[in-house]
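Student: If you want the building blocks of each chain, they are given just below.
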Amino acid sequence: MLWLTALVTLALAAAVHVLGSRKAVALADGNFASLHSRPSYHGLYCALWTLIAGLGALLVAALVSRGLVDAALLSIIDERAPDMREIERQLALRDAYAIARGGVASSDDALRQALGEAASRYGAIRLVVVIGLTLAAAALAAALTFVRLTRDWRARNRAESIIERLLWVSATIAVLTTVGIVLSLIGETLVFFDRIDWQIHKYLFGTTWSPLSGVFEGKMDADKVGAVPLFLGTFMITVIAMLVAVPIGLFSAIYLSDFAHRNVRSWAKPLLEILAGIPTVVYGFFAAITVAPFIRDAGEAIGLDVASESALAAGVVMGIMIIPFVSSLSDDVINAVPQSLRDGSYAVGATKGETIRQVVLPAALPGIVSAVLLGVSRAVGETMIVVMAAGQGANLTVNPLEAVTTVTVQIVALITGDTEADTAAGPAFTLGFTLFVVTLALNVLALRTVRKYRELYD
Amino acid sequence: MVSSSDISAIHGSAAAADRLRRRRAAEWRLKAYGIAALMLAGAALVVLVGSTVLKASLAVTEHYVELGFELSPEEVGTTPEEIRRANFDGIVKEKLRTRFPSLSEDRGTRRELYDVVSGGASFELRERVLAEPSLVGTSFDFPLLASDDVDLYLKGAYGTLRTAERSGVLSPTGTTGEIRLLSTVDDFDSLLDEVKDTLLEEADQLRRLAARQETGRAVREEEAAAAETEAERERLLAEAQAYADQRDAYDRQADALEARAARPGGTEALGPTTPSVFIRINGGVVRATEVSNAAIAGEVMIPLESEAEAPPEDWTYWAMSTPERSRRISDVQIVVVETLREEGAVSASFNWRFFTSADSREPELAGIWGAAVGSFWTLLVTFCLAFPIGVLAAIYLEEFAPRNRLTDFIEVNINNLAAVPSIVFGLLGLAIFVAGIEIAGVEIGGFMPRSAPIAGGAVLALMTLPTIIIASRAAIRAVPPSIREAALGVGASKLQTSFHHVLPLAMPGILTGTIIGMAQALGETAPLIMIGMVAFIVEIPGGITDSATVLPVQVYRWSDFPERAFEARTSLAICVLLLFLVAMNALAVFLRRRFERRW
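As given, the protein sequences belong to chains A and B, one line each in that order. Mind the numbering: the first sequence is residues 39 to 496 in our numbering, read in order. Mind the numbering: the second sequence is residues 69 to 667 in our numbering, read in order.
If you are wondering where the hints come from, they were derived from the structure by calculation, not from laboratory data. Do not take every clue at face value.
As the list claims (entries may be wrong) - Each computed DSS-like pair below joins lysine-lysine, with the alpha-carbon atoms no more than 30 Å apart:
hint, chain 1, residue 1, chain 2, residue 2
1, B, Lys99, A, Lys390
2, B, Lys123, A, Lys490
3, A, Lys257, A, Lys240
4, A, Lys307, B, Lys562
5, B, Lys99, A, Lys61
6, A, Lys390, A, Lys307
Please put together the full structure from these sequences, using the hints given.
Tutor: Put into structure tokens, the structure is as follows:
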């Protein structure tokens, strides 16, 4: 119903656009130079204000009236069943809406029936009010702006300033996203810390991770929320991944930029791009079905005891995923080193390899370090590979052949698990906040490294 | 002055030649490392794609078993409502029973017989009859979908049936029940050897167990030697003795098995841990329970037509090397399938079902169409949200924003957002879009239905926004100032310059960046799992507020299921996903090559 109202508003705006343009044409009376703005801008001005007024009224009226109806229904619930728990009140509320829509409620009693009737009644009133307000606002805006159109009306400037404000809003949405992330994460983090009585050191330095086993009466057992096994697992898998990605990525970048023929570059770069474009869930499947059993069988052939979800499997596949990052970023940086430095080095008799090792790499080092840091940041935040190939048990070990768990796996396990949303949200969002802070720090560090140590050539 | 002879002395000396050699070797090594790195990366890609395609090949076809049906009007009714309510499942089962009466007596074998056909086959029969009610009362052939294990067996996933040369005349001693089959020649030598090989494997395992007992004994004896009290020492020595006894027992068993295996000829029993052997003779099938060089003792699964002896051309045997316990298809099912195959009732066809049906818990019925439609809706929402906002933001930041600290902050912000892990966006979506949060007592958000494309699309839009903004900014920056100045020179306003002159020229670059962003969004799994798009959805989503799932999440869910047939289907779904991604990236590259202008 409300979508229809939005469409009607849109149609109204289009209509007033046409009318406004026609009025402007009529005002010009054949001499278009007498108008301040072109006729279409007059129409645009009216249309924009109609849209803003109509859609704005729709949004505000819909949200506010929904809140009012909710409050009215909740007061009915409180009147008839004052002792209901919060979760039952919410269920009754949803039932009221379901009955009004013609669907099925969770149970059938006098309360539900009364609520159903009230919901239908209030719903009808709400619909009428919201639609009425929207159309009224849109029509009012259309009429007011239409009346204002004159020959000297600076329609273009006004229309353009509205559009410019829209541009500004679009740009701030990106900022709002960051604000939203920080707010939502911090909110739940603070609730969580409150539940463990602000013993944050136990979260950061404790070694037992079993947050849902110590919940009672709204408090969590602070001894069971030690995240060190998770940090250690993430660290271990990241180290293994970088041990795979950095040598392969760096050496291939060096080869491609300084040794390779142009033809080799033309197929090698796309090859690495393909590695970058493969979704991580595919890597996870590959790790779980192919790599992990292979490592386990290979280990058992030598006589080692390898878990079927070893950190080695997840780390190696994650390394393969990160190779393109390291490689392409290093490649860019190495190419950015000016040819004059290389030429000077050749001129004093150095071989290509010596030039690379002693001139080019030191010059490109800040960029390469930054690339490695960005790769680490990517590895730390990676979810699907570890969810599918690494374990779920918080195992405190440095043996890569055992199963470990990481921060991201625990976030997924907590959110998609069977526990009540309120309880699970605390540790999950806190872990998410920790992850966000760490990756942000790594990115800022990478950026700073490049800025501070970069040498500007000519 | 250094003379030329001095120079020659320095550079021509043996030490200099040595240095040169080492420098060249180092150079060569660096080159080799580079090539090796590229080879490794290429090998990883080849192994990844190759193993996926190989696994997917098992899901490309599906098998059907054709049986003749004759449906009477009393069974199924005549009107559509009656037909819809008729018990087609029972009809199919009865058909199987009448076709294989000897296998329908025992409850266990009857269940295995029913499991040859998929659970969804009866629904398909019903659909066929509903579409053509004139079939009622006539006899017609209908292909029934084979179950996932039978399908895998027919593709050779559980091993293949072996048959070998036979040259003797085989005489049965009966037509039903437990019979013996005697050949005039030692036809079953190879079978006997195979069974003896399994005995050797078993002996091997027992030897390994014995070795472990030995380790246990040695450890206990050490501990006993280091024990402090007499009682302690007694206890440990007793435990050591127990380990030794167990080890000896295992060793004895292994010795017995090896002796049996080493003995030429003799009779060996067949069971769930040995290869399965079936004899086909006189129109019947016998499952062997004992095998010797020239004779088989077994139970009749499909009755023989006569007790007459059969010349070598008229009988055959099938041997399945994988023991029954190690495979998911039972002996009964093999007999049924092979009998039907000999009659030509087994057919294979391309697995269109995979591309047109929605998810199912049965692997042979599962398809990706539901997930594909869900992905389409989600990407549509993502595009509709991220593209306008991203392009408008980029225009603002490039053309209109004053160069002050606020816009610097916005720029840093956007660059950081591009590097935030995707799971954090999932948490954001969960908190604000689905659950709603409270700020200063005011509830914001929580207005989106969980696991609907609109919520998933909103989260992915937030994730793709930085990518689009960065790509659009680069494209807009690439348009030379001369265009802008020329537009301003003929009297255009700033906004007109941006929208009528700069934007069209930057559009190819913007579109390229958008397509690449969409391709990334298509492959995203973690944030959608967070907001709940990971449920089991059987209906095709009709709009953006219906519950849905997306293709990568479908892959994730299927990878968890234990059925072996799902491994092949997951791989095929991955191939479809990769194809889409390759297509999108190829489109982006094509756009870039064709339309991007170099100023």
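Student: Please work out if lysine 99 of chain B and lysine 390 of chain A have their alpha carbons no farther apart than 30 Å.
Tutor: The given pair, whose Cα atoms are some 10 Å apart, holds under the 30 Å limit.
Student: Take a quick look at whether lysine 307 of chain A and lysine 562 of chain B sit within 30 Å of each other, Cα to Cα.
Tutor: violated, 40 Å
Student: Would you check the hint for lysine 390 of chain A and lysine 307 of chain A, treating anything up to 30 Å between C-alpha atoms as holding?
Tutor: holds, 21 Å
Student: Sort out whether lysine 61 of chain A lies within 30 Å of lysine 99 of chain B, counting only the CA atoms.
Tutor: violated, 75 Å
Student: Please verify whether lysine 123 of chain B and lysine 490 of chain A have alpha carbons no more than 30 Å apart.
Tutor: violated, 50 Å
Student: Lysine 257 of chain A and lysine 240 of chain A: Cα distance at most 30 Å?
Tutor: holds, 14 Å
In this structure, the hints that do not hold are numbers 2, 4 and 5, in rising order.
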